[in-house]
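**Student:** Whole structure, please, built from the sequences with the hints as guidance.
Given next are the chains, with one letter for each unit.
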Amino acid sequence: MNGPLAGRRALVTGGTRGIGRGIVGVLRAAGADVVASGRAGAASVDGAALVTADLRDTAEIDRLVATASEALDGLDTLVHCAGVYPEHALATMTDADWHDVLNTNLTSAMALVRASIPALTEAGNGRIVLISSISGPRTGISGLAHYCASKAGLEGFARAAAVELAPLGITVNCVAPGTILTDGLAELYAEPGVLEEVARRIPAGRIGSPDDIGNAVAFLASPASSFVTGQSITVDGGQTLPEVQG
Amino acid sequence: MTTERSALLRFRGQAAVVTGAASGIGRATCALLASTGLRVVAIDLSDQLAETVEAVPGDVVGVRVDITDEQAIASALDEVAGDGLAYVANCAGIHVQRSLADISTDDWRRMLDVNLLGAFAVTRAATPHLRRSGGGAVVNISSVEAQRVVALVNPDAVPHYAASKAALESLTRSQAHALAIDAIRVNAVAPGFVATPMTQGNHDAVELPEPARARALIPRYAEPEEIAWAIAFLMSDAASFVTGTTLAVDGGYLVS
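Top line first, the protein sequences correspond to chains L and F. Sequential numbering from 14 applies to the first sequence in the numbering used here. Sequential numbering from 48 applies to the second sequence in the numbering used here.
These are calculated hints, taken from the structure and not from any lab test. Worth double-checking, as some hints may not be accurate.
What the hints assert, rightly or not - The calculated label-pair distances, taken between Cβ atoms and stated as ranges, are:
{"#": "1", "chain 1": "F", "residue 1": "Arg57", "chain 2": "L", "residue 2": "Glu209", "range": "19 to 29 Å"}
{"#": "2", "chain 1": "F", "residue 1": "Arg111", "chain 2": "L", "residue 2": "Gly156", "range": "52 to 62 Å"}
{"#": "3", "chain 1": "L", "residue 1": "Gly169", "chain 2": "F", "residue 2": "Glu101", "range": "44 to 54 Å"}
{"#": "4", "chain 1": "L", "residue 1": "Arg76", "chain 2": "F", "residue 2": "Ser93", "range": "54 to 64 Å"}
{"#": "5", "chain 1": "L", "residue 1": "Pro255", "chain 2": "F", "residue 2": "Glu126", "range": "30 to 40 Å"}
Unchecked claim - Here's a subset of chain L near chain F, in silico, CB distances under 8 Å, partners left out:
{"#": "6", "residue": "Pro17"}
{"#": "7", "residue": "Gly20"}
{"#": "8", "residue": "Leu115"}
{"#": "9", "residue": "Asn116"}
{"#": "10", "residue": "Gly218"}
{"#": "11", "residue": "Gly221"}
{"#": "12", "residue": "Asn228"}
{"#": "13", "residue": "Ala237"}
{"#": "14", "residue": "Ser238"}
{"#": "15", "residue": "Val248"}
For glycine and all other residues, C-beta sits at the position ideal for the given N, C-alpha and C.
**Tutor:** Listed below in C-alpha cells is the structure:
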C-alpha cells in the first residue's frame with residue numbers, strides 16, 4: 014500500500030473502539046500495517062488484525078507484543094491508546110478502583126514499552142506514541158483522580174523513556190486529546206443539547222473527532238517528525254486556553 | 048520520500064505567507080509548502096530573497112518588506128496575496144549574542160521588534176485575508192530558549208532573544224483564543240539547534256558543539272526541513288483541532 018506510512022508496522026492498543034479505532038483508520042489510510050488490541054469480545058476493525066488482551070496483566074502484554082510483532086514481521090510503531098475512566102469519588106474510592114485504572118492506563122504503558130524495545134530497536138527508527146489527555150497533564154476532573162493521575166503519569170513516563178531510548182533510535186511522544194466524540198462520550202452526554210453546549214465552550218466551536226487524534230499520531234509516527242521526541246501535542250481545539258470555559 | 052510524506056499534508060486554502068523566507072527555516076518552509084501546491088508569498092528584507100524565489104520550485108512570489116511595518120505588510124498582501132490566503136508562517140527572526148550587562152536599549156528594542164512585533168503585525172495584517180478564506184492557520188516560530196536558559200555553548204546566553212520567544216509563545220495562546228471565532232488556528236514550533244545561516248553564519252558547521260552534543264538526545268543540528276515539516280503539519284487540515292499549542296522540535300533537548 015502506498016502512503017506516508019507505507020511499510021510501517023504498528024500496534025495500537027485500545028484500537029477497536031473510540032479514539033483508538035480512529036487512530037487505526039488513519040494509520041491504515043496512510044499505508045501502515047496495523048494490529049489492534051482490544052478486550053475479549055471486542056469488535057474487529059476493518060483492515061487491522063485483532064489481538065485480544067487484558068492490559069492489566071503484564072504477562073498478557075508480553076504475549077500481545079510477541080503476537081503483534083510476529084503477525085507484522087517486526088514492529089516500528091507502538092501506539093498506546095487503551096484507557097478506562099470509571100467515575101469514583103475520592104472519599105469512597107477503593108484501592109481496587111485505583112489499581113484498576115492505574116494498571117490499565119499507566120502500568121500497561123511501561124510493560125508495552127519494555128516488551129517492544131527489542132523489536133523497535135531492530136526496526137532502527139522506532140516510534141512510541143502514548144495517548145494521554147488534557148485531564149491530568151493540564152487540568153483536573155472531579156471523580157477522575159485516578160484517571161488524571163494515570164494520564165499525568167504517562168507524560169512523565171514518556172519524557173523519561175524519550176531520554177533513555179534515544180540512543181536506540183526510538184522517539185517517544187504523547188498526544189493529549191481534549192473532548193473527542195466517541196461512543197463513550199455520546200453516552201456520557203446523552204441528554205439533548207449537552208453535546209452542543211460542550212462544543213460551544215471549545216474555542217474551535219466543535220468537539221474533536223477520533224481522526225483528529227489519528228492525524229497527530231500519524232505525524233508522530235512518520236519520518237516528518239524525526240527530530241521530535243519527549244513532547245506532548247495537545248489536540249483540544251483550544252479548550253485549555255481560556256481561564257473560564259465558555 | 049517527499050511526495051509520500053506530503054500525503055500527510057492537506058490544505059483547504061490556496062496560499063500561504065512565509066516571513067524570513069530568504070534563508071534557513073523560512074526558505075525550507077517556502078519550499079515544502081510550494082511543493083504541496085500552495086501559492087507562497089515569500090517575505091524578507093534580505094537581498095537573498097530574489098535568488099531564493101528563483102531557486103524554489105513552485106508558485107512563489109517574493110516581497111521585500113519590513114515585517115515591523117504593519118501598514119506596509121497590509122498593502123503588500125492586498126497587492127500580491129490574491130484569493131485563498133489562509134496560512135501564515137512567521138519564520139523571520141534575529142539572534143544577537145549579548146550578555147545581560149551588554150544589552151543596550153536599542154539591542155533590546157530591535158530584538159523585540161523583529162521577533163515579537165513582526166509576528167504580531169504580520170498576523171494582524173493577514174487576518175482579513177484569512178477571514179475571507181473562511182479561516183486558516185498561523186504558525187509562529189519560537190525557540191527552546193523560551194523555556195530554558197541555553198548557555199552550554201556560550202555562557203553569555205541571549206536574554207532578549209529568550210524573552211522575545213517566551214512572549215511569542217504567550218502571544219500564540221492569546222491569538223489562538225481570540226481568532227478561534229474566525230476559524231483561525233494559531234500554534235508555535237520551538238526548534239532546538241538548527242543548521243541555518245542565523246546559527247552558523249555562512250559556514251558549513253555540521254557538528255554540534257561538544258557541550259550541546261553531550262546534552263542532546265539526538266546529537267546533531269536539525270535540518271531546516273525538519274522544522275518546516277512541523278510547521279506544515281500544524282498548518283494543515285491534519286491539525287484542524289490543534290490550536291494554542293507549542294511543539295518543540297528539538298531532538299529531545301528540553302527533556303534531557
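**Student:** Hint by hint, which ones does this structure get wrong, listed from lowest number up?
**Tutor:** 7, 8, 9
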